[in-house]
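Student: These are the residues of each chain, in order.
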Amino acid sequence: MHELPITESILEIALRHAHAAGATRIRNIYLVIGQLSTVVDESVQFYWGLVAEGTIAEDAQLQFRRIPAEIECQQCKHRYPPLADDLGCPSCGSATVRVVAGEEFFVEAIDVDSDDVTEEIGHAGAEA
Amino acid sequence: MSERIPVVEKIMSANDRLAQENRARLDANEVFALNLMASPGAGKTSLIEHTIRGLSTQLRLGVIDGDVATSIDADRATAAGARAVQINTGGECHLDAVMLQGALDEMDLQQIDLLIVENVGNLICPASFKLGVHKSVLIASVPEGDDKPYKYPGMYRGVDALVINKIDLLPYVPFDMDYFKRGVEILNPGLVTFPLSCRTEEGLDEWLKWVTEMTKYHRQQASSSDAIPQKEDSAGEAKSS
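Residue numbers (our numbering), protein chains in the order written: chain G, 1 to 128; chain D, 1001 to 1241.
Bear in mind the hints are in silico, worked out from the structure with no lab data behind them.
As the structure is a computational prediction, the values presented were derived from the model and not from experiment.
A portion of the hints provided could be inaccurate.
Claimed, not checked - Taking lysine to aspartate or glutamate pairs in the EDC-like style, the calculated list, with each CA pair at most 20 angstroms apart, reads:
#, chain 1, residue 1, chain 2, residue 2
1, D, Lys-1151, D, Glu-1185
2, D, Lys-1151, G, Glu-70
3, D, Lys-1148, G, Glu-70
4, D, Lys-1010, G, Asp-86
5, G, Lys-77, D, Glu-1185
6, D, Lys-1151, G, Asp-86
7, D, Lys-1181, G, Glu-72
8, D, Lys-1010, D, Glu-1021
Please construct the entire structure, taking both the sequences and the accompanying hints into account.
Tutor: Listed below in structure tokens is the structure:
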């Protein structure tokens, strides 16, 4: 249900970085989304068509990179994915554990076109 | 012609910036703010009523109620003796920093010490949207079942305190407190927890004491220093970016 404001936020970030780089078109938007982030890819994709229409990002492809959730046992350092009914360490049984991956939620990069004559692949001039 | 621009920007950054503005505004007025989150029916409004009644002789309270529709909750808070503002989200399943900003405009912050924000009843979406409050509190309740930490890890991970309401029902429903607390401890080690019953008022004093102490502590901090250290106030945020 909350993917609309999230999609708007993705668009705002992408457009800001694209404009700062003088881009005329956004081709791809690379999103990194941890498994524990409560975001549904299909829903973001659906809203994208609505919010990006009429912008230089309207034809952009959303590229989702999902990061699986991972828990690290603080006793035996075993790393494992969370199980549905018990989050404790399956190796030593400890409950002293820490979530170490799966909460990521950011725009990693965008691919853009510019009308400029200079051609520089991998140029990193628009870091905010 | 074509290039890849590294961005690495948190998707919630716009909301987070606004949440910081809300925080600065609360601090400037020396208001301590709580964000109460829970599933529908866990007892958010009942706990707010008890908090108003229990603390209104010591603290001036304001309540901001988020709901999809109706002003029933704000009316209950007003009846209990607080200043209340209702936010109808019109279908949105959570409050965000923009909505809170609008509600703060309607609240006379000079006239209150403690602001309680009642989020929309939902264990998923509110965890993703920071508001700018000082502490987030999750209200679990016994009839919901003991598996909720495992099913909603994002919510349990991000809060600063946990209320377990309706403990008077423990003899009547299958709720394994050890299993529940094990999940909580894994997701949020050392989380301060208040088992209580709004109906029998068992355990309520500890909760009221915590809220009072937090409010007074914050006021001391606010009056002794202009710069309050920012603490993340909500759950599920990317920490790696």
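Student: Any of the earlier hints contradicted here, and which numbers?
Tutor: 4
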